[in-house]
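Put the two chains together into one complex; each comes in its own frame, and the hints tell you how they fit.
Residue numbers (this note's numbering), protein chains in the order written: chain A, 9 to 144; chain B, 164 to 380.
In case anyone wonders, no lab produced these hints; they're calculated from the structure.
Among these hints, one or two may not hold up.
Claimed, not checked - Partial list, computed: chain B residues near chain A (C-beta under 8 Å):
no., residue
1, Lys171
2, Asp200
3, Asn204
4, Arg207
5, Val236
6, Met237
7, Gly240
8, Gly241
9, Leu246
10, Ala273
11, Ala277
12, Lys279
13, Ala280
14, Gly332
In this text, a Cβ means the ideal position worked out from N, Cα and C, and glycines have one as well.
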Amino acid sequence: MTAKHKIANNVGIVIVSHSPDVARGAADMVRQMVGDEVPLAWCGGAPGGGLGTNVEAILAAIDQAWSEAGVAILVDLGGAETNSEMAVEMLSEERRSRVVICDAPVVEGAVMAGTEASAGSTLDQVRRTAEELRAR
Amino acid sequence: MSIDTHLKRRLIGEVARCMVTHAEELTALDQAIGDGDHGLNMKRGFEAVLADLDKTAALPMPEALKAVGMTLVMKVGGASGPLYGTLFMALGKALPESPTRAGVAQAFSAAVDAVKARGKSDVQMKTMLDVLVPVLAAVNEGGEDLYARLRGSAQSAAAATIPMQAVRGRASFLGARSVGHMDPGARSSSLMVTTVVDVLESEGRMTKQDENRAASR
Chain A
9 MTAKHKIANN VGIVIVSHSP DVARGAADMV RQMVGDEVPL AWCGGAPGGG
59 LGTNVEAILA AIDQAWSEAG VAILVDLGGA ETNSEMAVEM LSEERRSRVV
109 ICDAPVVEGA VMAGTEASAG STLDQVRRTA EELRAR
Chain B
164 MSIDTHLKRR LIGEVARCMV THAEELTALD QAIGDGDHGL NMKRGFEAVL
214 ADLDKTAALP MPEALKAVGM TLVMKVGGAS GPLYGTLFMA LGKALPESPT
264 RAGVAQAFSA AVDAVKARGK SDVQMKTMLD VLVPVLAAVN EGGEDLYARL
314 RGSAQSAAAA TIPMQAVRGR ASFLGARSVG HMDPGARSSS LMVTTVVDVL
364 ESEGRMTKQD ENRAASR
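So that you can see chain B by itself, here it is in the shape it has in the complex (with noise of 0.2 Å):
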């Protein structure tokens, strides 16, 4: 899959915009089991990687990655800053720039990692990761309807965190209180997710003969 400065737009600026857009939801779910500011925090962080837009799609993908990434670390101001912050990072630091499914199933692997490390959280926790384990474990898989699965998976996850309780974050505080609430953090990360792969898919991305044409070269 090679990446060009359109692509590069239309990926950080679709999911900064859905962010932004998604703002008052992923607050209101942070009044009912954190501190309420997720998404003022998330609407900050991306404005400020939407006004850098055409900067950023100008570099090559991993330093894009990078820059957004360390927009959001230093603009979010609150706990999903260093998170998403490392997300990026790290998903920069190990992203080709010409990515195969298996190279981008590779950097999305240790840019996981990275979060669980930043976080010293792992699935089950009530938090983004109970997203983002899923997803890679659909991008690992590949196969024929892989966007639809990255999509239906994605949002199951989200949903999957409302029984949940949640053990590390703000929302740890609340204890059996903050059973059937979703999780912030796993909205915004299936919010993003989803952006991603209906950016991919209309651009064609990612394709079947895509990875053919990645494997014959």
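One chain only, chain A, in its complex shape (with noise of 0.2 Å):
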């Protein structure tokens, strides 16, 4: 199997914050755990500028990160959620299988769902990883 191939067949996480600082922060440090080998991509900023979040850059980081095993999208707040909630009916029944939202905290989150695929688990795996870090 080519590196490339693998990568393909990893699932995908997409992480949306209100802060575009945080959401590139959180992107790197996933890299810096799994490098290449998951495909990712990060959106954050309401549309114009501005904290908040943007339903047509979530759209645009789930196709980045879109891999046929899924994608995991890691949400910090309220809004976060609900927009990438709204992004996700927004796509073709056959992708809106196959992504999930995590009820994680985005950073943690991002890093345990990102090092879980790379191992090649299934979406729901990645999920349960990621979710196991919830607040109680």
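The structure is reproduced here in structure tokens:
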């Protein structure tokens, strides 16, 4: 199996934060853990700038991190989750069933999910690993 | 009630302008218990709605509402985007082109349900639903002084969120400290309802005669 083939088969990770700096920083941490083994994309900031999240940017990030094994989304707060749910609903039916939003803290969740994904785990395993971090 | 282009322009345009005008007030409310961006986000969304107003007002009402909803989803940037976007899109989906009061009530009910599902929320959680649900009840009741009661219901329902403790949204992080402030989403919903009622009243729409005419068709 070529390296490229392997990457395409690993679950993709999308990081959505209100802050582009947080999203980029979390993505850097995932990259440091897993190198290029996992499709990874991030987005942050409201349409036109400022803190917030942007459905269009979330859709683009899902597309960028797309994998046949699916995509796990990590979100920070409120609107990031609601806007991600909206974006997922706007996907084609065929893709929609292969995207999950993890109920986990965004930075730690992204690193855990990325590490799990790099092992070739299923989307469900990736989500469960991230959600072990869920605040209780 | 027939909804012509003139009425569509006024309804959509005046709701949008009202949100833009009240941006600072909504942001101030949100600074007290949330992340302080509600007014800014609504302003961004509804300025985009205003920019498309000519195109939107030319569409049949259901399509126009769906277009407004989609603009809010894409432009607002906070949770209020999908929440208000869902309200407008669901309203558009359920509204007949020439609705009677019963038709409006039915569509509004479907839209409120869609907002509940989107926000995984319900009344008494200090959200926009604490305004939308009582207003829906007033629409369902109908009656002679409907406009006045709708306005009163929207205003008192928004005020009733002041003593509530937030259960959903960013304000829930504050726990008991969210008590004592009006919910910004309840306020924006109340402003929207009031604006719609003002426009319908000034245009003399949804009157008793209108309903009788619709019923005799």
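query = So which of those numbered hints doesn't the model satisfy?
reply = Structure breaks hints 1, 10, 11, 12 and 13.
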